[in-house]
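Number of protein chains: 2
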Amino acid sequence: MEIDKAEEIGLCFGVRRAVKLLEEAASKYGEIETLGPVAHNQQLVERLIKAGVKPARHLNQVQSKILAVTTHGTSPKVLSEIKTRHIHIIDTTCPIVRKAQNTAKELAEAGFDVIIFGEAEHSEVQGLLGWAKGNGIATLDAKQIGTLLKQVQDKKPYHLGIISQTTQLQPALAEFVGQVATFAAKSKEIRFINTLCGIV
Amino acid sequence: MEIDKAEEIGLCFGVRRAVKLLEEAASKYGEIETLGPVAHNQQLVERLIKAGVKPARHLNQVQSKILAVTTHGTSPKVLSEIKTRHIHIIDTTCPIVRKAQNTAKELAEAGFDVIIFGEAEHSEVQGLLGWAKGNGIATLDAKQIGTLLKQVQDKKPYHLGIISQTTQLQPALAEFVGQVATFAAKSKEIRFINTLCGIV
Chain A
6 MEIDKAEEIG LCFGVRRAVK LLEEAASKYG EIETLGPVAH NQQLVERLIK AGVKPARHLN
66 QVQSKILAVT THGTSPKVLS EIKTRHIHII DTTCPIVRKA QNTAKELAEA GFDVIIFGEA
126 EHSEVQGLLG WAKGNGIATL DAKQIGTLLK QVQDKKPYHL GIISQTTQLQ PALAEFVGQV
186 ATFAAKSKEI RFINTLCGIV
Chain B
6 MEIDKAEEIG LCFGVRRAVK LLEEAASKYG EIETLGPVAH NQQLVERLIK AGVKPARHLN
66 QVQSKILAVT THGTSPKVLS EIKTRHIHII DTTCPIVRKA QNTAKELAEA GFDVIIFGEA
126 EHSEVQGLLG WAKGNGIATL DAKQIGTLLK QVQDKKPYHL GIISQTTQLQ PALAEFVGQV
186 ATFAAKSKEI RFINTLCGIV
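Keeping their order, the protein sequence lines are chains A and B. Take 6 as the starting number for the first sequence in the working numbering and just add one per residue. Take 6 as the starting number for the second sequence in the working numbering and just add one per residue.
It is possible that part of the hints are untrue.
Note that identical chains are pooled: a pair holds if it fits in a single copy or bridges any two copies.
Unchecked claim - Straight-line alpha carbon distances no greater than 27 Å define the calculated DSSO-like cross-link-like pairs of lysine-lysine that follow: (1) K161 with K104; (2) K104 with K25; (3) K161 with K55; (4) K138 with K193; (5) K191 with K110.
It should be emphasised that the hints constitute simulated quantities derived from the structure, not laboratory data.
Make the full structure from the sequences, and use the hints.
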């Protein structure tokens, strides 16, 4: 019987996949940069720096002509800015985040206001807000949505989409969705689409 | 200034519309029957009987060749049974109920289980269950849904649609939807579509 030892204990599927893509790219192109750090794991960041994968804090600081979008993904606006600068993109957006981005986009295109259960400043959530095309709001506090809805709900009919930052926890999401649904039951329609990562 | 006096105080848009259709039909065909009483209003039922519109309790008791479906609507199965008997249908289903029926049908066809917030024995709800094609459940008690979901939620992914009997009250619906959403936040997707009558 063969025993496979986990090489990177604690790294999720999306990050393992990204590391592989980044190491392949660094080996092919020489030095590349990532838009923000690949992970919060400092050991991993240092291992990648040694392999030629360096984090840039902001698009303005990028010097390489090869730039990787991290697992957290980014907004269509940032992608477009990168292209304008003729920088080649290596997209390591986690497939589960990509699915959440597509959901945000589809909801916004179908006329839904998009509520994202997540940390507004997190780069994944910033990306999701971008895909919601200006029709999104991110919060962990359902009461904030309640206050907003009180201001609009008697003025015009509205359609509400609810998604989640992929790494939030199920019980907190359940409570949030329940509260928002109660606040929003005067809406024409509510669509909650579960974008939590089910693999973690 | 002209003052319009309401002729039938207390009758909603759907019933007023149905009464007009029934009186026109009785005047055209002579005697017709309705599948169940047109309304709970006994005065109105008697007025219609005088005009030639008689309620039949059940399809088996229908003697006329002209039968009206009431504002509450009915299921596709009953409609099909009426057609099998070569009885001409006058459909006075309230347009708001029709919309709820279409919503139940669309949700079921899209693979959603359909939860109807309503009285399970009410004829409108019986009709809605019919349009949900065997994938529906009707209740006023969110906890009942919670119990059902506990039995299924770890077994397979599910999609949940929530609609309402058109005459339920907004605050009770809001509470119900909030509770069900909390119970069901492990689902792949929840769609709440507001089928309350907004005219009453």
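Now for the hints, and whether the structure bears them out:
no., hint, in the structure
1, K161 with K104, "between (30 Å within a copy, 20 Å between copies)"
2, K104 with K25, "within (20 Å within a copy, 51 Å between copies)"
3, K161 with K55, "neither (56 Å within a copy, 44 Å between copies)"
4, K138 with K193, "both (21 Å within a copy, 23 Å between copies)"
5, K191 with K110, "both (24 Å within a copy, 22 Å between copies)"
Violated hints amount to a single one, hint 3; each of the other numbered hints is respected by the structure.
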